[in-house]
Amino acid sequence: NCSGVAVDNGGSNDVQWCFSQVKGAIDDDVAEADIISTVEFNHSGELLATGDKGGRVVIFQQEMENKSQPQCRSEYNVYSTFQSHEPEFDYLKSLEIEEKINKIRWLPQKNAAQFLLSTNDKTIKLWKISERDKRPEGYNLKEEDGRYIDPNTVTALRVPVFRPMDLMVEASPRRVFANAHTYHINSISINSDHETYLSADDLRINLWHQEITDRSFNIVDIKPANMEELTEVITAAEFHPHQCNTFVYSSSKGTIRLCDMRASALCDTHSKLFEEPEDPSNRSFFSEIISSISDVKFSHNGRYMMTRDYLSVKIWDLNMESRPVETYQVHEYLRNKLCSLYENDCIFDKFECCWNGNDSVVMTGSYNNFFRMFDRGQRRDVTLEASREGSKPQQVLKPRKVCADGKRKKDEISVDSLDFNKKILHTAWHPQDNVIAVATTNNLYIFQDKVN
Amino acid sequence: MRYMVGRGVKRKLSDCEDQMLDLPYPQQRQLVLNLCLDKLQSCQRRAEPSLHRSVLLANTLRQIQQEMRQEGGPPAPATPHHSPDLPPVPSDRPSTPVAALSSSLLCEDDVQSTCTELPKGPGSEDGGKSQDLLFGSFEITNSTSYLTDLQLDDIFEDIDTSMYDPSDFSVLACPPPRGSSGASLGNDYNLKAFSTSSSTLQMCLNDLDHIMEILVRS
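Taken in sequence, the protein lines are chains Y and V. Residue numbers for the first sequence follow my numbering, beginning at 738 and rising by one. Residue numbers for the second sequence follow my numbering, beginning at 13 and rising by one.
These are calculated hints, taken from the structure and not from any lab test. Be aware that a few hints might be false.
Taking lysine to aspartate or glutamate pairs in the DMTMM-like style, the calculated list, with each CA pair at most 25 Å apart, reads [what the hints assert, rightly or not]:
#, chain 1, residue 1, chain 2, residue 2
1, Y, K990, V, D50
2, Y, K1144, V, D34
3, Y, K1087, Y, D1016
4, Y, K1159, V, D30
5, Y, K830, V, D221
6, Y, K865, Y, E825
7, Y, K960, V, E60
8, Y, K1144, V, D30
9, Y, K1138, V, D30
10, Y, K1138, V, E29
11, Y, K847, Y, D930
12, Y, K862, Y, D958
13, Y, K1087, Y, E1015
Isolated chain V, as found in the complex:
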């Protein structure tokens, strides 16, 4: 897929700086806070979220938050910029971690708000649990190669099959080949059914898949 990046269009500095200079410090801080929340939100939405960037943003957020809390006094008003955009805070935990972060901040600062106080983790900062969600989603799992890397034997190693009669198991999971009578299920076949040969296990897996399909459809 071809993306056109920077089609010859020069990217200049915005007049954010000029805006900043005109404002008194608390409003400057609010501006940065708004930007921070915006970025955290878009960070989560990205195809490839960056843990590095999220940590830096979260630290900036926490720093501003602490400063605001230390100052005490009248809480900074919730900015119009944000409140219409926030999803309604449900009584249980909100669906997105950033909603949790931002709404928890506003809950603190806006005493007139009717939003519900969020459950906080033990001794944690605001949005602590949601920060866990925030950072918890960065792990690259090995799902794509998990199965190919493991020997099939290993998957079944810790399954305790001592309770089961091997002959019962083999009949259930690996039906005898067509045409053979029950009498032909001698010891050899039982042992084979229980061997760790991958083709037999593959057959059993296929049968299990089949069973799962049926269950799921019903």
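The following block holds chain Y by itself, in its conformation from the complex:
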């Protein structure tokens, strides 16, 4: 059930991706609050969470396998919706603190309830999502509607019992981790020790205990004593999936630092520095900007990490700091358009990336609602589109191709026709199956591989 398994469709080894569902408003007028800002599957893949600019979290749940329809996997339906963050106002600076959810991370499940961390620019919250499908009935002193019964009228006693009720899903905030970040939080990552997690802003990384909200430990601080010397910011950070003492953080200069918390309390000195020397033939005014890393993700097996910069995805072997082991061009045809992309600010877009369950394929988004998958083993890549046109149930997605030069073939799209308002920044891959969630501006698309 993982990518790479041959599908009997004429001998090709390719996975065929099909449309499954789309969530969100249909019309072109996008309300700013509905813009999706993060997408994340939980550890089993049964739950899929999205966060939006309006501070809301929507959780979808995969229904149990539908035995009557073996052709399709079960669908994701809304499980819970809640307001995670509200806008705040900083009176001293006369600035509003955005309620936009920057990241959601699920905790590993320990009991019947589900827990997730959600964060905006300033505050991290731990939410408990629990189900209630039974309620007590048969009280002696209370009617079903809540009215009290006069004790004098009670002639016999009964034991209240739990009776089934319509499923109610409740989300409640259990912890609020506030006031630890002076700058905008860009990442949260849960440690494999199941006790701690990190949060990173532009200049600092803090370590928290999940139970303790009134203090955190600062483990990285790159703020210079003199702010005029500031030339680099932290862009993303993540804990190693198995080694609870190891984490990485990426920077706006295209470097990744791996730190070991056992070495010292303040991890300002890295254990490893990953950096690829610049290709002098590609040098331009925008070289530094496009080298800024927008996302960093460890592979599930913990041996590799993937980084996303403006034009490419790079896979790094943790044992080799000098250069990545694999580089994939996401949209190389944009290299000659950097000035325009700088002018319209698209060059600052922060794309995320993700691994599939067995680390054989990686995925990232692009413009025109295109997204790209790179099969590492087969050395093959594909461009697909998330659009309403391709959204008939089980419709197989047709690979897309962008034509960089003037010689546009049939079915190709030229670079100048791409819509730069339609960007796919957030994608997620089910931890085990070939199910992916792709967020356009305000819609969430779910695609699955074709099941025969």
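Place chain V on chain Y using the hints.
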């Protein structure tokens, strides 16, 4: 509030690229420099300024600036695009950091300009101090929850009140309840006035507020 983002209007690439290709390198660089300054200016004006973006822009600016300085030779002319828009440079530090950045660049390059040379920080680049202003404004303060997070006791912990006679203090800040005579201000009340019970302190704070109001109005 509903904002309509991208009302079905497709956003295309501008012909910036075509412009760039026609120009010789120094003019290309000037174009990028102008864009950079524009962006830094609008970055500051935004409701939610991005430190990440500002750093990238500032680095690009510095890189171009260094290049221009290294080349020496005749300074690049101040572009008409910018000079009319610049606020007049006062003799002291300009009000906006970006004005400082841009005017300092122009001062360097345009020898005929009459703009005043800006005071520079020790060993700093042009606009160093203004860069401090640029980056200094990004901190999210805890002002909204500062007071609720602290215990009221903590605020007063480091105030040295040893000089003051507790009875004087209590009379001034926390007037005795109406109807009670001075004689009823026994030790208990003095101690209570000095206790760290939040209701008493709240009363004192309210009185201080009242005093502040009077002072401010006068």
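Consistency of the hints with the structure:
With a CA separation close to 22 Å, the supplied pair K990 of chain Y and D50 of chain V stays within the 25 Å bound. Between K1144 of chain Y and D34 of chain V, the direct Cα distance comes to roughly 22 Å. Compliance with the 25 Å bound is thereby established for this hinted pair. Between K1087 of chain Y and D1016 of chain Y the alpha-carbon distance is near 22 Å, which keeps this suggested pair within the 25 Å criterion. Proposed proximity of K1159 of chain Y and D30 of chain V is supported: the alpha carbons are some 23 Å apart, at most 25 Å.
Taken as a hint, the K830 of chain Y and D221 of chain V pair is honoured in the structure, with Cα atoms around 22 Å apart against an allowance of 25 Å. A C-alpha spacing of about 23 Å is found between K865 of chain Y and E825 of chain Y, which places the hinted pair at or below 25 Å, so the restraint holds. Proposed proximity of K960 of chain Y and E60 of chain V is supported: the alpha carbons are some 20 Å apart, at most 25 Å. Taking the CA atoms of K1144 of chain Y and D30 of chain V, the gap is near 18 Å; set against the 25 Å cutoff, the hint holds.
Using a Cα cut-off of 25 Å, the hinted pair K1138 of chain Y and D30 of chain V holds, with the two alpha carbons roughly 24 Å apart. Straight-line distance between C-alpha atoms of K1138 of chain Y and E29 of chain V comes to about 22 Å, which keeps the hinted pair within the 25 Å bound. With a C-alpha separation of about 13 Å, the suggested pairing of K847 of chain Y with D930 of chain Y holds against the 25 Å cut-off. Only pairs whose Cα atoms come within 25 Å are accepted, and K862 of chain Y paired with D958 of chain Y is accepted, the gap being roughly 23 Å.
For the hint linking K1087 of chain Y to E1015 of chain Y, the alpha-carbon distance of about 20 Å falls within 25 Å, and the restraint holds.
Checked against the numbered hints above, the structure violates none of them.
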